[in-house]
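There are 2 protein chains.
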Amino acid sequence: MESDFRKQVGERLMNLRSNNNLSQEMLANQADLDRSYISRIERGIISPSVENLSKICNVLNTSLSKFFHDF
Amino acid sequence: MESDFRKQVGERLMNLRSNNNLSQEMLANQADLDRSYISRIERGIISPSVENLSKICNVLNTSLSKFFHDF
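Chains R and P supply the protein sequences, listed in that same order.
So for the first sequence, this note's numbering puts the first residue at 1; every next one is plus one.
So for the second sequence, this note's numbering puts the first residue at 101; every next one is plus one.
The hints are simulated quantities; they were obtained by calculation from the structure and are not laboratory data.
Model, not experiment: these values are computed from the prediction.
A few of these clues could be false.
Said to hold, decoys possible - DSBU-like mimics (lysine-lysine), calculated; alpha carbons at most 30 Å apart, straight line:
#1 R:K55 - R:K7
#2 R:K66 - R:K7
#3 P:K166 - R:K55
#4 P:K166 - R:K7
#5 P:K155 - R:K7
#6 P:K107 - P:K155
#7 P:K166 - P:K107
#8 R:K66 - P:K155
#9 P:K166 - P:K155
#10 R:K66 - P:K107
#11 R:K55 - P:K107
#12 P:K107 - R:K7
#13 R:K66 - P:K166
#14 P:K155 - R:K55
#15 R:K66 - R:K55
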């Protein structure tokens, strides 16, 4: 259940990043985060802080409310 | 800026918790988290993981999309 939640968040992030034609490294640099951190979120290994996910959403031209629209 | 973000999240949590007539301890117990963790979120000291905020939203009868409706 909790792992499913992390996987859902990770898949959504990966899809949004791909739609923006950004590599994990490009996204990480623009959001001032580590590439390995992005990778671990996308694989559902960790759950990002809302603050870091907000930074990520800014780079991906979206908002937390849009990211979680069906959560 | 980043600290403002944490404060906004903290204030929203505190308001929602009060509206649900729950103490920090009651919320923490129901969400399976520590009371001090809830306290640090509400004071804007830390940013919760999206997974833990999701647990908190469940207890408060809301969703992540509603929590972040204007973020």
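- Item | 30 Å limit on alpha-carbon distance, applied to hinted pair K66 of chain R and K107 of chain P | holds (21 Å)
- Query: Has the given pair, K166 of chain P with K7 of chain R, been kept, meaning a C-alpha gap of at most 30 Å?
  - Reply: holds (21 Å)
- Message: Check whether the Cα positions of K55 of chain R and K107 of chain P lie no farther apart than 30 Å.
- Response: Answer holds: K55 of chain R to K107 of chain P is near 16 Å, not above 30 Å.
- Message: Would the hint linking K66 of chain R and K155 of chain P be met if the CA-CA limit is 30 Å?
- Response: It holds: about 19 Å lies between the C-alpha atoms, which stays within 30 Å.
- Message: Run the distance test for K66 of chain R versus K55 of chain R: straight-line Cα separation, threshold 30 Å.
- Response: With a Cα-Cα distance of about 14 Å, the restraint between K66 of chain R and K55 of chain R holds, given a limit of 30 Å.
- Item | Proposed proximity, K55 of chain R with K155 of chain P (alpha carbon, max 30 Å) | holds (22 Å)
- For the pair we were handed, K107 of chain P and K155 of chain P, check the Cα-Cα distance against 30 Å. Given that 30 Å is the threshold and the Cα spacing comes to 19 Å, the pair holds.
- Would you mind confirming whether the straight-line C-alpha gap from K166 of chain P to K107 of chain P stays at or under 30 Å? Between K166 of chain P and K107 of chain P the Cα gap is close to 18 Å, so the pair holds against 30 Å.
- Does K66 of chain R pair with K7 of chain R here, judged by a C-alpha cut-off of 30 Å? holds (18 Å)
- Query: Does the structure keep K166 of chain P and K155 of chain P at a Cα separation of 30 Å or less?
  - Reply: holds (14 Å)
- Straight-line Cα separation of K155 of chain P and K7 of chain R no greater than 30 Å? Since the Cα atoms of K155 of chain P and K7 of chain R sit roughly 16 Å apart, the hinted pair holds (cutoff 30 Å).
- Straight-line alpha-carbon gap K55 of chain R to K7 of chain R, limit 30 Å: Distance of about 19 Å is within 30 Å: holds.
Figure legend: structure checked against the earlier numbered hints; every hint is met.
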